[in-house]
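The listed protein sequences derive, respectively, from chains A and B.
Numbered per our numbering, the first sequence spans residues 1 to 247.
Numbered per our numbering, the second sequence spans residues 1001 to 1247.
It should be emphasised that the hints constitute simulated quantities derived from the structure, not laboratory data.
Some hints here could point you the wrong way.
[What the hints assert, rightly or not] Label pairs and their in silico Cβ distance ranges:
no., chain 1, residue 1, chain 2, residue 2, range
1, B, A1072, A, H73, 32 to 42 angstroms
2, A, D224, B, D1042, 51 to 61 angstroms
3, B, A1150, A, R198, 46 to 56 angstroms
4, A, A173, B, A1150, 42 to 52 angstroms
5, B, R1127, A, A209, 39 to 49 angstroms
[As the list claims (entries may be wrong)] Partial list, computed: chain B residues near chain A (C-beta under 7 angstroms):
no., residue
6, L1015
7, V1051
8, R1053
9, I1110
10, A1118
11, F1147
12, A1150
13, H1178
14, G1179
[Claimed, not checked] Pulled from the structure, derived: some chain A residues nowhere near chain B, Cβ distances all over 12 angstroms:
no., residue
15, D12
16, S52
17, D83
18, A118
19, A212
Yeah, the Cβ is synthetic: ideal placement off N, Cα and C, and Gly gets one too.
There are 2 protein chains.
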Amino acid sequence: MTVFLVGAGPGDPGLITVRGLELVRACDVLVYDRLVSPELVDEIPPHARAVSRHDLDQHEVNELLVSYGRRAHLAVVRLKGGDPFVFGRGGEEALALADAGIPFEVVPGISALSAVPAAAGIPVTHRGVASQVTLVSGRNCDGSVGFDPAVLAAAPGTLVLFMSLGSLPDIVAALLDHGKDPWTPAAAIAHGTRAEQRTVRAALAELPAAAAELDAPTLIVIGDVVASGWPEQLAGVPAVHAAETEA
Amino acid sequence: MTVFLVGAGPGDPGLITVRGLELVRACDVLVYDRLVSPELVDEIPPHARAVSRHDLDQHEVNELLVSYGRRAHLAVVRLKGGDPFVFGRGGEEALALADAGIPFEVVPGISALSAVPAAAGIPVTHRGVASQVTLVSGRNCDGSVGFDPAVLAAAPGTLVLFMSLGSLPDIVAALLDHGKDPWTPAAAIAHGTRAEQRTVRAALAELPAAAAELDAPTLIVIGDVVASGWPEQLAGVPAVHAAETEA
C-alpha cells in the first residue's frame, strides 16, 4: 500500500480535489491536522481510524506515518490543510517516507495563496498591477521571522504572508522601516473560503490595528491588487451572496 | 443564475476540486481554455455547449462571459487551467462580470506553483532550505518580460517561473548577469502531473540547454529545494510508479 500526502484545501470542504476525496473515502487510517475541515474527517469509512496530529511534533508525525506505512495492508492518508508543500512541511514527511523506503503519492491541495484572496475579491496577479507574487511565512519553526524585511520591502507586486497574524505589528514596522509605502493597500482575511470568512482592508500602516480582532488562520495580502479587485459580496464564499445580489 | 470562474488544476483531471467538477457536470455552457484536460470537457451534460476560447482574445472572452451571463436561465462555467488568479487573468473576467452586474462565483483551482514541483519530487518550501517563494511570469501580455531580473536574482529561497520556456535563455542570462549563482539547482517540468510529465534538472547556467527539447506548458523552478526533494519515481504522477517500487 501507499501513504498518500493529500492537501485538504483552504477551508471550504468542497475545495478538496476529486482524487483527494476519493482517497479519504477509501482510507484505513487518516492522520489529519487541526486546520482540516471536520466535514472531511467525517468522510472516512466506518472502519477507518482518524488520528489527529494535534499533540505531536513534526518528528513524531513523520514516525507515525512511517509506522503506519510499514503495515502494507493499510491505505494511509495524511491530510493537511491547504497544500502540503506551501509552508506545510510536506517535504519533511515525503523525505521521511522516502528514507524508510515506503511508497507514497502526493495529491496536492489548493493553497490559501490565491484562493483566499480571490474569495475576498482580490486577484493576487492582475494585468498591469502585479506580475510578481512573493510568499513568505511570518514565523519559522524556531519562532524567528522567516524572511529578510529589506528584501521583502523591495519586492514589486504582491506580498502574501502566511502565519503572520501574531507578528503582524513587527512585520509591518519592519517593512515601513525599509521604505515600503505606508499607504500600500493591504488586507487580512481570516477563515478564508469558509462561511465565517472575515476580511479587513486598510493602508499597510493601519493594518495591524485593523486586524487586531481577527484570529487564525489569517492570510495577509499587501499590494495594489488589494484595491484592484471586485466587491467581495459579488463573489466567493458563501456562494449564496452572489445569488442574493441577483434577487 | 451565476457565472462560475473555475480552476481546472495543473493537468491531471483528478486534481480539479469536488465543487468544480460538480459545476462542470451541471453546466449549460462551458467556456474552456486550451490547457484544460479534454477529460474535464467531456464531463459536461449532453445538452450543454462547450465553447473553446482558443481563437478569442481576452476582451472577447470577457464579452462572451457577460453575454452568456445575461441569460439568466443558463449556468455558465468558465474553466481555466491551473488557478484563475495565478497568472490566469481571472481578475479581468471577474471585473468584467462585476462591471456588468452579473453574479459570479470563484471556485479556485490547484496552481502549478507547488503541485507541479511536488509531482517531480521538489517541495517549493522546505524547512531550513527555503522560507520564501517568488512567482513570476516569463512574459507579459505585450510580450515584454514580466519582472525585474535584478530583484529576482536577489530574492532568497525558491523562484518559480510560469510561461518562461521560450524566453528561458534570456531569463537565465539576465539572472546570471545580476549575480545569481550559476550552480543554483534548477529544474524544468513539462506537462506536470500528467502521464506525459517530463523533468530535467541542471545547474542554472545549464538549464536552457537541458530544457531545449521540452514543450509548453513547462514550469521552471530555481533554488536549493530542487536538490532537497525525494526521488521522482517514489511519488507523484503517474501513481503506479509508487506501487511499482514496492513490487
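Numbers of unmet hints, in rising order: 1, 2, 3, 4, 5, 7, 8, 12, 13, 14, 15, 17 and 18
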